[in-house]
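Engineer: Next come the chains, spelled out residue by residue.
Number of protein chains: 4
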Amino acid sequence: MLRVSIVGATGYSGVELAKILLYHPEVELVDLVSKNYVGQKFSDVYPAFRGKLDVVCKELDTDELAQNSDLVFIALPTGPAQAIASELVGNGVRVVDLGADFRLDSIEDYEKWYGKEYEAESLLEEAEYNIPEIHKKNLRNVNLVANPGCYPTSVLLALAPIMDKQIVDTTGIIIDSKSGVSGAGRGLAIGSHFCEQNENFKAYKIASHRHTPEIEQELSKLCGQDVLVSFTPHLLPVKRGILSTIYLDLIEKVDAEELRQIYREYYAEAEFVQILDEGELPEIKNVVGSNACHLNLFLDERVGRLIVVSVIDNLVKGAAGQAVQNMNIMCGFDEGLGLSGFGTGV
Amino acid sequence: MLRVSIVGATGYSGVELAKILLYHPEVELVDLVSKNYVGQKFSDVYPAFRGKLDVVCKELDTDELAQNSDLVFIALPTGPAQAIASELVGNGVRVVDLGADFRLDSIEDYEKWYGKEYEAESLLEEAEYNIPEIHKKNLRNVNLVANPGCYPTSVLLALAPIMDKQIVDTTGIIIDSKSGVSGAGRGLAIGSHFCEQNENFKAYKIASHRHTPEIEQELSKLCGQDVLVSFTPHLLPVKRGILSTIYLDLIEKVDAEELRQIYREYYAEAEFVQILDEGELPEIKNVVGSNACHLNLFLDERVGRLIVVSVIDNLVKGAAGQAVQNMNIMCGFDEGLGLSGFGTGV
Amino acid sequence: MLRVSIVGATGYSGVELAKILLYHPEVELVDLVSKNYVGQKFSDVYPAFRGKLDVVCKELDTDELAQNSDLVFIALPTGPAQAIASELVGNGVRVVDLGADFRLDSIEDYEKWYGKEYEAESLLEEAEYNIPEIHKKNLRNVNLVANPGCYPTSVLLALAPIMDKQIVDTTGIIIDSKSGVSGAGRGLAIGSHFCEQNENFKAYKIASHRHTPEIEQELSKLCGQDVLVSFTPHLLPVKRGILSTIYLDLIEKVDAEELRQIYREYYAEAEFVQILDEGELPEIKNVVGSNACHLNLFLDERVGRLIVVSVIDNLVKGAAGQAVQNMNIMCGFDEGLGLSGFGTGV
Amino acid sequence: MLRVSIVGATGYSGVELAKILLYHPEVELVDLVSKNYVGQKFSDVYPAFRGKLDVVCKELDTDELAQNSDLVFIALPTGPAQAIASELVGNGVRVVDLGADFRLDSIEDYEKWYGKEYEAESLLEEAEYNIPEIHKKNLRNVNLVANPGCYPTSVLLALAPIMDKQIVDTTGIIIDSKSGVSGAGRGLAIGSHFCEQNENFKAYKIASHRHTPEIEQELSKLCGQDVLVSFTPHLLPVKRGILSTIYLDLIEKVDAEELRQIYREYYAEAEFVQILDEGELPEIKNVVGSNACHLNLFLDERVGRLIVVSVIDNLVKGAAGQAVQNMNIMCGFDEGLGLSGFGTGV
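Chains as they are written, first to last, in my numbering: chain A, 504 to 849; chain S, 504 to 849; chain P, 504 to 849; chain F, 504 to 849.
Just so you know, the hints here were simulated from the structure itself, not pulled from any lab data. Be aware that a few hints might be false.
All copies of an identical chain are treated as equivalent in the list; a pair is satisfied when it fits inside any one copy or across any two copies.
Once the Cα atoms are required to be at most 30 Å apart in a straight line, the calculated DSS-like pairs of lysine-lysine come out as [to be verified]:
1. 555 / 639
2. 538 / 640
3. 724 / 544
4. 615 / 756
5. 708 / 544
6. 668 / 544
7. 640 / 555
8. 756 / 724
9. 724 / 639
10. 538 / 708
Generate coordinates for the entire structure from the input sequences, incorporating the hints supplied.
Structural biologist: Here you go:
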């Protein structure tokens, strides 16, 4: 059994990790680290785990973690993961970081978009960014995985199959994304206050969201040239889910069925990605609680544009689920092991 | 592998059954019967099942069902299950009925509360009503289980431990229950229209809800005398969940800790029932998606009353989950097999 | 024009007051006091007021307030209103307090339920508690009105007509109330965090809510004997609205139509109270945004009990609307002036 | 007093009209026509109107309507308004049509996008399409106003000030709109069923929504050349509100403050349009219940694009409110008369 711990266990990604790992057949869940709930039972913070996971939350102690764990998930706000991952990897523990600290190749970009100094330069080169269905990296000997961001996952899965196909203009991509409130985390803020966000909807961080450089970095790699995008996130009055509507100018006339075929082939082996039938609408409810991505293509021949719509659960495929998928790959388990959970949509 | 089919597979209880049975290790899911979607793929009706359960929905044909299935779940509105169950049981197929057709011992009560003639009198005697944590019936040789109603399950689990203890006045019980909209089913109705029910709340069927005689029948058996209750259901603007707040007059002064001990002992072996810690509040979100019941006791010594609060997921412990639990008992499987799914509350 | 100010203008009751007073034909809205937003435009805090109320929020300065205002609404958490009201009334300014500081006659009760020392004893005797439809007090010479609490308003309007009629047992009243989240105010708390409260429902402060003594005090006055009640508040996943379901044991057999007639007569002159038709269900959506109270009676002859259901908007009839209604009475305006606003329910 | 009637009074636009007109100081509300509720009290269908508007709904009788009314609002699904408006205008009654039957200049477009034959050709020329803040038409002698669609209103208000300024490329406009469920009307449909749409989000009618030609027609007029757009509507799990996020390629480098100045000047006299401060986010909650449009500009210099975000209440500025605004103009009343209602956002 793989001994696994979670740093940041009581945040929304952390608790989702706990849920998935609890019944993972190859994992023994060891330490749950939570700054705010040291000494409290995990099931007192999340009573849904009562009778299932009643362990007590611990303070961060990387030495102890390293001793108890073969692999550690870090699910913290950006920043502290740099030092924690450095210590853990230095002590021979493998790490999957769910934050943004190891996603950007360019330290300059990191410091510009995240507004803080970068302090883990040496470790950064070891880190592997991996959406399994796209990058298909062999992680057996990798010690640090930079788990992709939620918005980037929804966008990259939608665009990967055509970025190098010379079908669409990769220089003018517009991404209009909508996320549930859990994406903003468990920290109290007026924008996440029930009466301020229920029956509401807004765009936020327009032209300035930190996932923009991550999206651009990966799209650029996929098409082999520098790509800039317009990325506009919005806040939905739902708990979970991201829907991205992506607009692409067609370079040439293209056949809808051929396009679909390109996507179907690209994801032929990908159990978690579903290309919907022609005209079928991706809906957030159909992926909530699961590691699935549903996507579909809409060709607007009248205006010469392709519209791709994708949906994921931001806490699963956009965070904890994909992190476990990466853990499975690191450890040689079946890629989808422990990830069969899903909701009915009701 | 047990060959299992569902009649009424595209209703809200039906789809929940499909979800649970899909990964049940001892079950092979065979026929999905749905009047409204004959010939359509189940995953077209519920795209969350895409890639998981793409079988085509069938018309009802009890002969074919009997041939293909060892056990059939019937998840239909009250009425038609009487004939269907009769045919299936007559053909040697075991049945779990999620509707109300075999729950009431008294045909008179059935006809009075449901307003239709009863037509399965001979089969009624064979039917066993079973909340496993309370009735603990041995179902190995039973061919027809009457799965308890959602409201009654939330009430009976809350009251069973004290009904025969001479602690509370069993003649003046008041039950104030609140349910999510899925309890009203998938049939279109103005009361389930989004704009009419979001940001809304109301009581309904006050003093006239059909679950009243079921609750009274079972409470009466538990305490050995005839019990009448006030039962008021309300409609919450949530998809799932039932919370029942139950008021009981104390016959004598009672110690809070003793009371808790009675409950803890009663449910000592019950993995799905959690007695919360003193002062801890049962919340719907903590049981949504799981077969759990959370409950707690609040002693109001100032007014001499005991308040019991319970929560369940109306579609799981209140329907499909408990039905599978009963199937497990009928077949000699572990009682909780296939029922470990749960949500985090987020 | 009456010069009116609000202390606590950016809280949820405060902003509702601002909305009502903005178009009140006899009122000039003068100072908006808000501790947290001193120096900021009110319409920056609540952009819905943009172009309508762009004044800057002020720090509390009772001398300045007294100079600028004829009447001040205090909409603060319990406590500070005692000193503020004392200074204002002492300076000849009339006050409507929306908090709990002047509602309880008994200082002992205040100190027991609110857990703090009471410091405005001399002023307390001047304060008048007034639900206009019930107490019908002449407030022309009153300088301090204790505006009733939200839950008590929903309960007292439901029960006032029969408390002294010897029809129901006034010693065993059970009140099961459900409120929207705005009742918990704008202060950040995990219980009001969107992801913790959406799709959720729970009871809270069972047998211990501070509105209990207020309800009991007023019910006792209405029936002329000491009344104790069971009062259980619950938190609904909606912004606004309170529904109270109240259970009363009948002393004698009673005719439903006679009962309705008692209510109709009691509220014959009350424009804001609607007795619904027989069988019609009070729904929160029908009173949201208005000063109305809808209520109905349900006689359960089977068990000898009367069930009264009432709905109000906790921020309007339960706070700001009733406060303006009281202001109108204090000033000799038409009681309903400025209070014709309502929502359609959609 | 202007005698006014509503055809389609119990639909969601109809009831909003009723609410606004009820307190309009120059209007006497006469007949409420509703096919589905003939003979029932309006306040039985919408109990929020209890004690305010208890009149009985009538069957459609254009002769009677013409006799009783000076002006009629038609709030029906597309189609029947053609005949009804023809009869009414023929009988000397003025009409505001809230549907799509008189919005498109081109009958060919109508028949292509709406899929039915057009039958009111002669009347079409008389019809005036009017967003008062943009078209500023003098309607004193106009007998038929085609009230703009909800999505088009949100888009045109956002774009009108720059369409002819040679600042943005008017040939590549992308419009990503999100609407509350009330936009789909009161007709029962699985997509508006509470359990199917709560906690959900989806795009729909991608590249095929019927408001597309209306948007293109008006944008073309504004810039003096043929404009095609990508228009993608989405369905939000809220009752009301539309937010449109609009992407425009800049033709040349432009100064943010100059841009804002263009908008401020364009709307200098427009009381219902608010240009927010730099960086301030339009939010649906801030316009719900009001006739306001909030909009803001976001210049993304990095990618050379302008993003305009607008919000309206689809039932008010997107339907009933704008219709009353047009009525006011037709009748020489103050343009904003009766339209001061708004919500606080809570």
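Engineer: Hint numbers the structure violates, sorted upward?
Structural biologist: When the structure is compared with the hints, numbers 2, 3, 6 turn out to be violated.
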